[in-house]
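*Asks:* So the sequence lines, in the order shown, correspond to chains E and H.
Letter by letter, the first sequence follows residues 1 to 103 of this note's numbering.
Letter by letter, the second sequence follows residues 1 to 488 of this note's numbering.
Just so you know, these hints were derived from the structure itself, not from any lab.
We put the CB at the ideal spot given by N, CA and C, even for glycine.
Just to be clear, a hint being listed does not mean it is correct.
[To be verified] Think about it this way: if two alpha-carbon atoms lie no more than 20 Å apart in a straight line, the pair counts; the simulated EDC-like pairs of lysine to aspartate or glutamate are:
#1 E:K22 - H:E302
#2 H:K303 - H:D365
#3 E:K76 - H:D332
#4 E:K76 - H:D365
#5 E:K76 - H:E360
#6 H:K95 - H:E113
#7 E:K22 - H:D149
#8 H:K303 - H:E260
#9 E:K22 - H:D199
#10 H:K215 - H:D199
#11 H:K303 - H:E225
#12 E:K76 - E:E51
#13 H:K168 - H:E179
#14 E:K22 - E:E8
#15 H:K215 - H:D365
#16 H:K168 - H:D149
#17 H:K94 - H:D124
#18 E:K76 - H:D193
#19 H:K13 - H:E176
#20 H:K89 - H:E188
#21 E:K76 - H:D149
#22 E:K76 - E:D59
#23 H:K333 - H:E354
[To be verified] Label pairs and their calculated CB-CB ranges:
#24 E:I44 - H:D233: 51 to 59 Å
#25 E:G58 - H:D363: 25 to 33 Å
#26 H:R201 - E:E8: 52 to 60 Å
#27 E:P72 - H:P41: 32 to 40 Å
#28 H:P41 - E:S83: 32 to 40 Å
#29 E:G58 - H:R345: 23 to 31 Å
#30 E:I44 - H:V202: 39 to 47 Å
#31 E:R70 - H:R128: 22 to 30 Å
#32 H:R105 - E:Q19: 49 to 57 Å
#33 H:Q181 - E:D59: 49 to 57 Å
#34 E:R70 - H:G84: 22 to 30 Å
#35 H:E93 - E:D59: 47 to 55 Å
#36 H:Q129 - E:Q19: 20 to 28 Å
[Stated by the list, open to error] Computed, partial: chain H to chain E, Cβ under 7 Å:
#37 G42
#38 E113
#39 V121
#40 H125
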Amino acid sequence: MSPATASEQFDLRLYVAGQTPKAVRAFANLRRICDEHLAGRYTIEVIDLVENPALGRGDQILALPTLVRRLPTPIKKIIGDLSNTERVLVGLDLRPRARRASA
Amino acid sequence: MAKKLLDHNGIDKAPTGIPGLDDITNGGLPAGRPTLVSGGPGSGKTLLGISFLVEGASRYGEPGVLFTFEENAQELAADVRSLGYDLDKLCQEKKLLVDYVHVDRSEIEETGEYDLEGLFVRLDHAVRQIGARRVVLDTIETLFGGLRDTGVLRAELRRLFRWLRDRKLTAVVTAERGEQQFTRQGLEEYITDAVIALDHRVHEQISTRRIRVVKYRGSTHGTNEYPFLIGRDGITVLPVTSLLLEHDAPNERVSSGLAELDDMLGGRGYYRASTILMSGTAGTGKTTLSAHFVDAACARGEKCMYFLFEESPQQMIRNMKSAGIDLKRWVDKGLLTFHADRPNRHGLETHLLEMHHAVELADPDVVVVDPITNLMAVGTQTDVRSMLTRVIDFLKTRGVTCLFTSLTTSSQTLEHTEAMISSLMDTWVLVAFDTIKTQRSRHLYVLKSRGMPHSDEVRPFRITSNGFTLLPTKDRKSPATAGARRKK
């Protein structure tokens, strides 16, 4: 799969359950990565499942935090506090996956 | 009283509603706790879980949540519809909630610390939505294929089972059987309340399913492996009834259908609700003897059920007519019903379960199985014995007099094959051939008959167009023995 082209709009959703340390960390990491790599072409929607438990079913949320790339398609899921930037970039298709094996 | 304490004051039980399973668990699964159900692929784990939910929702007023990690909700509903389970209807009535949990490692990138709070939130939400009391997680081990961090996974599963206990949810957690342990991921380490193992094995091309309660903390339970079936009505575990030696022993006697044979049995025939074995080599007249018994029972106005594993009913009726016994009139009157089946069409337990159903439905006074040996061919010796014990128990408890014919092959001694079932039989009549010069002559003797004086004679007999005719013994010096011959 080829990395996303520079003009595409990123529609991201971050699922969390309350203001847990992992959730706070994930949000901070996500903001930093997006500002560096997707400046001006991303939206982040944070969904707190404690407030909206019914929403977990639609995106098949299991692990938390989960970042869902809704656009560009196909849908991608990235779980964890997003502290491994390289992996987040791979997950978002901003880095080619081939390098993963050695990483 | 002691029994009552153990069974009822021990722990609360949630009945599964699965026939037989509640018997071997003395009432059901531990209420408010998780039970682990492990088994190989196709062993019936999912169906057990769904039955537990459907029965809970429809019969015990306990709504349930199904979290399925493998099939999707539509496929699942279609799969169980053939068993009469309408999941959609129960879902609409808010008695059941099905959530399909999809995990695919290839779609997920792991980038740091996480937990499974999402699963907890979904489960909690589902449970609250319908006020669930029962939960099934099928098969949660799938998560191990979807997530890489097994350390997190194990910690979260431990938390999940504690979570279920804290909320007093009765849960069934299914798992694949492992090589060394009960489950691949060692879930038995986390769920220690109750463990049930399912097994599906094939012996001589006939498949048998088995269930065993491996562990049940705080409760007595049957420890054997029990056969179970997946049939039209879902799962049935044999025994359908518990195994107890508690049936009545009536003093009433019933005629064998032959005055001379009654003579040999203390002058009054068999006991009602006893078991009778007719054994002998091929063509000795076992079926004719059975037909006489049935004929006499029907003449008394009793209902008879005849299980045929060799002949068709039409063939049986024709053959017996040639021996002067008119069975058709009893069929026409509704007193005699035939159930004919090929022995190798199903496994042994299916046959026995069908017999069970038929007997429960028609409530006969007399049951004949002709020949029982054909059924024995479809199971191993231990299987046959344990199942036969249960069926006999069931019949005796209902006050049914049962007659079994048994075919001895010529290579065996006459009393050989029956050794495994003879102890279950109250009366054993043997029929045999003697070849003297150019003529084969038949004879009959009573090998045993519990609770009555019986003759030690070996009586020759003939089968004519008037049926069985017992002839007097040649040795006139010892006329009737202990069994008083009827005084004329």
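*Asks:* Are the hints correct? Go through all of them and say.
*Replies:* Hints versus structure:
With a CA separation close to 77 Å, the supplied pair K22 of chain E and E302 of chain H exceeds the 20 Å bound. Taken as a hint, the K303 of chain H and D365 of chain H pair is honoured in the structure, with Cα atoms around 5 Å apart against an allowance of 20 Å. Proximity of K76 of chain E to D332 of chain H is assessed by CA-CA distance (about 72 Å); at most 20 Å being required, the pair is judged violated. A threshold of 20 Å between alpha carbons decides the hint, and for K76 of chain E with D365 of chain H the separation of about 69 Å lies outside it, so the pair is violated.
The suggested pairing of K76 of chain E with E360 of chain H is violated, with an alpha-carbon distance near 58 Å, which exceeds 20 Å. For a cut-off of 20 Å, the pair hint linking K95 of chain H to E113 of chain H is broken: about 37 Å separates their Cα positions. Pair hint K22 of chain E plus D149 of chain H holds up; C-alpha atoms about 16 Å apart against a cutoff of 20 Å. Taken as a hint, the K303 of chain H and E260 of chain H pair is broken in the structure, with Cα atoms around 24 Å apart against an allowance of 20 Å.
At roughly 43 Å between alpha-carbon atoms, K22 of chain E and D199 of chain H are farther apart than 20 Å, so this suggested pair is violated. Using a Cα cut-off of 20 Å, the hinted pair K215 of chain H and D199 of chain H holds, with the two alpha carbons roughly 16 Å apart. Annotation: proposed proximity of K303 of chain H to E225 of chain H is violated, straight-line Cα distance about 34 Å (limit 20 Å). About 23 Å separates the Cα atoms of K76 of chain E and E51 of chain E, which puts this hinted pair outside 20 Å; it is violated.
Note on K168 of chain H and E179 of chain H: the hinted pairing is violated, with a Cα-Cα distance of about 32 Å set against a maximum of 20 Å. Taken as a hint, the K22 of chain E and E8 of chain E pair is broken in the structure, with Cα atoms around 28 Å apart against an allowance of 20 Å. For the hint pairing K215 of chain H with D365 of chain H, the CA-to-CA distance comes to about 40 Å; that exceeds 20 Å, so the pair is violated. At most 20 Å may separate the alpha-carbon atoms for a hinted pair to count; K168 of chain H and D149 of chain H exceed this at roughly 29 Å.
At roughly 15 Å between alpha-carbon atoms, K94 of chain H and D124 of chain H fall within 20 Å of each other, so this suggested pair holds. The straight-line distance between the Cα atoms of K76 of chain E and D193 of chain H is roughly 39 Å, outside the 20 Å bound, and the hint therefore fails. In summary, the hint linking K13 of chain H to E176 of chain H is not supported, as the alpha carbons are separated by about 25 Å, beyond the 20 Å threshold. Between K89 of chain H and E188 of chain H the CA atoms are separated by roughly 34 Å; this puts the pair beyond 20 Å, and the hint is violated.
Of the supplied pair hints, the one linking K76 of chain E and D149 of chain H holds, its CA atoms being roughly 19 Å apart against a limit of 20 Å. The hinted pair formed by K76 of chain E and D59 of chain E meets the criterion: a straight-line CA distance of about 10 Å does not exceed 20 Å. Proposed proximity of K333 of chain H and E354 of chain H is contradicted: the alpha carbons are some 23 Å apart, above 20 Å. Roughly 53 Å separates the CB atoms of I44 of chain E and D233 of chain H, a value that falls within the hinted 51 to 59 Å.
Take G58 of chain E and D363 of chain H: their Cβ atoms lie about 55 Å apart, and the range 25 to 33 Å is violated. Range check, R201 of chain H to E8 of chain E: about 56 Å between beta-carbon atoms, so the 52 to 60 Å window is met. For P72 of chain E and P41 of chain H, the Cβ-Cβ distance of about 38 Å falls inside the hinted range of 32 to 40 Å, so the restraint holds. Roughly 38 Å separates the CB atoms of P41 of chain H and S83 of chain E, a value that falls within the hinted 32 to 40 Å.
One distance hint, 23 to 31 Å for the beta-carbon pair G58 of chain E and R345 of chain H, is violated here, with the actual separation near 48 Å. In this structure the hint that I44 of chain E and V202 of chain H lie 39 to 47 Å apart at CB is violated, the actual value being about 56 Å. Taking the beta carbon of each, R70 of chain E and R128 of chain H are about 27 Å apart, inside 22 to 30 Å as hinted. With their beta carbons about 29 Å apart, R105 of chain H and Q19 of chain E fall outside the hinted range of 49 to 57 Å.
Between Q181 of chain H and D59 of chain E the beta carbons are some 34 Å apart, a value that contradicts the proposed interval 49 to 57 Å. In this structure, R70 of chain E and G84 of chain H break the distance hint of 22 to 30 Å, their C-beta atoms being roughly 41 Å apart. A beta carbon spacing of about 28 Å between E93 of chain H and D59 of chain E contradicts the range 47 to 55 Å that was offered as a hint. For the pair Q129 of chain H and Q19 of chain E, the supplied restraint of 20 to 28 Å holds, since their beta-carbon distance comes to about 25 Å.
Interface restraint check for G42 of chain H: the shortest CB-CB distance to chain E comes to about 26 Å, outside 7 Å, so the restraint is violated. Look at E113 of chain H: its Cβ gets to within about 5 Å of chain E, closer than 7 Å, so that hint holds up. Because the closest C-beta pair between V121 of chain H and chain E is about 4 Å apart, less than 7 Å, the hint holds. For H125 of chain H, the interface hint holds, the least distance from its beta-carbon to any beta-carbon of chain E being 4 Å, beneath 7 Å.
Checked against the numbered hints given earlier, this structure breaks hints 1, 3, 4, 5, 6, 8, 9, 11, 12, 13, 14, 15, 16, 18, 19, 20, 23, 25, 29, 30, 32, 33, 34, 35, 37; the rest are met.
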